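K.L.:
Sequence:
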Amino acid sequence: MNTISCLNPEPLSKYYSLGSRLFHAQTFSPQFLANLRIFPKITFHPSSGFYRACDHDFQIQVEPNSKIHAHPEAKPIDSYLTKEHPEIHWPGLGKDDNQYIVLILDASEGKLQFLSTDFPHKTTILKEYRTLEPYRNAISPMVFLIFKQPHNMSALTYIPPLSDLEELGDSVFDLSKFILKNRLGSALIGLNWALINTDAYSIEKNRNSNYVDNCHSLLISKLRKERQYSFVDTFNLGEMDATLSMSFIQPYTEFDVCCTTYKYTEMSIFADPLLDKSIPSIALINEPKVVSLKKLNVIDNYQRNQRDYVVRKAESFTVVLFDAKKMELFWMVSDVSAEGLASGNVKEGKVLVGYKDPSTAVPHQCKTIFLMVFEEPASARKHLSEIMVSGDKTRVKHGPRRFEENVERFFGYNNQKVSSSNYVGSEASRENFNIEEFKSFMKLRLSAMTWFKSCFDEFGALSQISQIVKSNMSNPEVRKKYQQHKAIQIEYFGFPNTEDVVDAKA
140 MNTISCLNPE
150 PLSKYYSLGS
160 RLFHAQTFSP
170 QFLANLRIFP
180 KITFHPSSGF
190 YRACDHDFQI
200 QVEPNSKIHA
210 HPEAKPIDSY
220 LTKEHPEIHW
230 PGLGKDDNQY
240 IVLILDASEG
250 KLQFLSTDFP
260 HKTTILKEYR
270 TLEPYRNAIS
280 PMVFLIFKQP
290 HNMSALTYIP
300 PLSDLEELGD
310 SVFDLSKFIL
320 KNRLGSALIG
330 LNWALINTDA
340 YSIEKNRNSN
350 YVDNCHSLLI
360 SKLRKERQYS
370 FVDTFNLGEM
380 DATLSMSFIQ
390 PYTEFDVCCT
400 TYKYTEMSIF
410 ADPLLDKSIP
420 SIALINEPKV
430 VSLKKLNVID
440 NYQRNQRDYV
450 VRKAESFTVV
460 LFDAKKMELF
470 WMVSDVSAEG
480 LASGNVKEGK
490 VLVGYKDPST
500 AVPHQCKTIF
510 LMVFEEPASA
520 RKHLSEIMVS
530 GDKTRVKHGP
540 RRFEENVERF
550 FGYNNQKVSS
560 SNYVGSEASR
570 ENFNIEEFKS
580 FMKLRLSAMT
590 WFKSCFDEFG
600 ALSQISQIVK
610 SNMSNPEVRK
620 KYQQHKAIQI
630 EYFGFPNTED
640 VVDAKA
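In terms of the numbering used here, the sequence shown opens at residue 140 and continues consecutively.
The set of hints was computed from the structure by calculation and includes no laboratory data.
Note that the structure is predicted; figures quoted are calculated from it, not measured.
There's no promise every hint is true.
Pairs of lysine-lysine, PhoX-like flavour, derived with a Cα cap of 20 Å [as the list claims (entries may be wrong)]:
1. K465 with K416
2. K261 with K222
3. K180 with K234
4. K364 with K316
5. K250 with K361
6. K361 with K428
7. K361 with K206
8. K266 with K287
9. K206 with K180
10. K222 with K234
11. K428 with K465
12. K234 with K287
13. K416 with K464
14. K266 with K320
15. K592 with K464
16. K486 with K428
17. K316 with K153
18. K464 with K433
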């Protein structure tokens, strides 16, 4: 289960229904709504727009003059479509001298989203409208409450704290307290609500404001909707608890192939799994930068009264780059710390299988490459030790971690004829790599993932042509032309700009 879905404001954790959360009453009574006599009509006027969220560009297209009507039984509305203040109306509004107090509440978080008095004649806005920005994988009710304002009330007796600092805290809006202190016990005459969907817009808002990052839920939804890979059914995708960023460096280069000149600018190219973005093969020659911000997990029961700091749990992660359909392994690094993931320093871990260029060499073909981060079990982090006795001296010799030994066992089970540890990382070990079997055998927990597409392109064609040219040359000719360099290595196509590189590019 996605742990973010379990987050709940502490003051509201004991309330389970909409009514009890609104009035902070464990047992909701219909008496709270005894004076209802109007059903306010709530109309949103959405507009087209563009926004960037979770490292992806979203374009929202809405028909001109579109309207969305809120209703308890209506379909949930995406948060982005409710950005603008809705229109509030009901039959007879404005035809008499009555004035009203309007509240909009986020029942999920217990937050005040809008507050005005003297509606509709001389409306005074005490709290500007702000739409709901849910982050859980569930709908959130935006509740509209209409109070009939007493004629002798010139101002509210009690106004809750409205500063930004209060909103960012753990405090919630207490509706019952607001009603009692302003003597509105029998003044609640109107009620309606809209169901608000968690979308990329609201997720990104929370990602930037309160550091709750649920972008991985968008990937889970996409995988489950398309169901192209067998691991979607066998993995518990709800284990994912972090978002993964992966980028490749594309060097500056210019070359001619197939009677056409191609020019690449130097830049970082980020994977965009929501778009199934394709990354040029020239950028795939070197390993990517992988960044994942993990939630701080601390030891909370170890001699806490004797220290004034927190101790992080010893977590280790394994990074795996592979092709799920062709079952080919391109990269595997174990024993990566949470700090290493956060800083993009994955290579601080132990490289079990060196990086291999995952680009496709088949014309008119694309393939999807996945990068997954797994949390290693605590038992696998222990080192194998050997007690050595020499005379009256005893010493302990620490060997490799259990995890690395288990990796060797995993590859050994698939290839019974090979018992040497040198097999791990060889070309043969990259084939027939089953990510589902690997996760199960190693007892791993899925923490994060991303993916990209690799399609045959002009640089792939150039690489193949270079190989054909090399195959038609003798070894002395190859050494003379390319010296110590390999024909398709990145040095030829960007940096360093030395004479032998210029010659190789020619």
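K.L.:
The structure should be examined with respect to each hint, and the outcome stated for every one.
P.N.:
Here's how the hints hold up against the structure:
Under the criterion of a C-alpha separation no larger than 20 Å, the hint pairing K465 with K416 is consistent with the structure, at around 19 Å. Taking the CA atoms of K261 and K222, the gap is about 24 Å. The hint is violated against a cut of 20 Å. For the hint pairing K180 with K234, the CA-to-CA distance comes to about 16 Å; that is within 20 Å, so the pair holds. A threshold of 20 Å between alpha carbons decides the hint, and for K364 with K316 the separation of about 45 Å lies outside it, so the pair is violated.
Between the alpha carbons of K250 and K361 the distance comes to roughly 30 Å, so the proposed pair goes past 20 Å and is violated. Distance hint between K361 and K428 is unfulfilled; the C-alpha atoms sit about 24 Å from each other, more than 20 Å. Restraint check for K361 and K206: not satisfied, since their Cα atoms lie roughly 28 Å apart, outside the 20 Å limit. Between K266 and K287 the alpha-carbon distance is near 18 Å, which keeps this suggested pair within the 20 Å criterion.
In summary, the hint linking K206 to K180 is supported, as the alpha carbons are separated by about 12 Å, within the 20 Å threshold. For the hint linking K222 to K234, the alpha-carbon distance of about 29 Å lies beyond 20 Å, and the restraint is violated. Distance hint between K428 and K465 is unfulfilled; the C-alpha atoms sit about 24 Å from each other, more than 20 Å. Pair hint K234 plus K287 holds up; C-alpha atoms about 14 Å apart against a cutoff of 20 Å.
Of the supplied pair hints, the one linking K416 and K464 holds, its CA atoms being roughly 17 Å apart against a limit of 20 Å. Restraint check for K266 and K320: the C-alpha separation of about 18 Å stays at or below 20 Å, so the hint holds. A threshold of 20 Å between alpha carbons decides the hint, and for K592 with K464 the separation of about 13 Å falls inside it, so the pair holds. Only pairs whose Cα atoms come within 20 Å are accepted, and K486 paired with K428 is accepted, the gap being roughly 9 Å.
In summary, the hint linking K316 to K153 is supported, as the alpha carbons are separated by about 18 Å, within the 20 Å threshold. With a C-alpha separation of about 29 Å, the suggested pairing of K464 with K433 is violated against the 20 Å cut-off.
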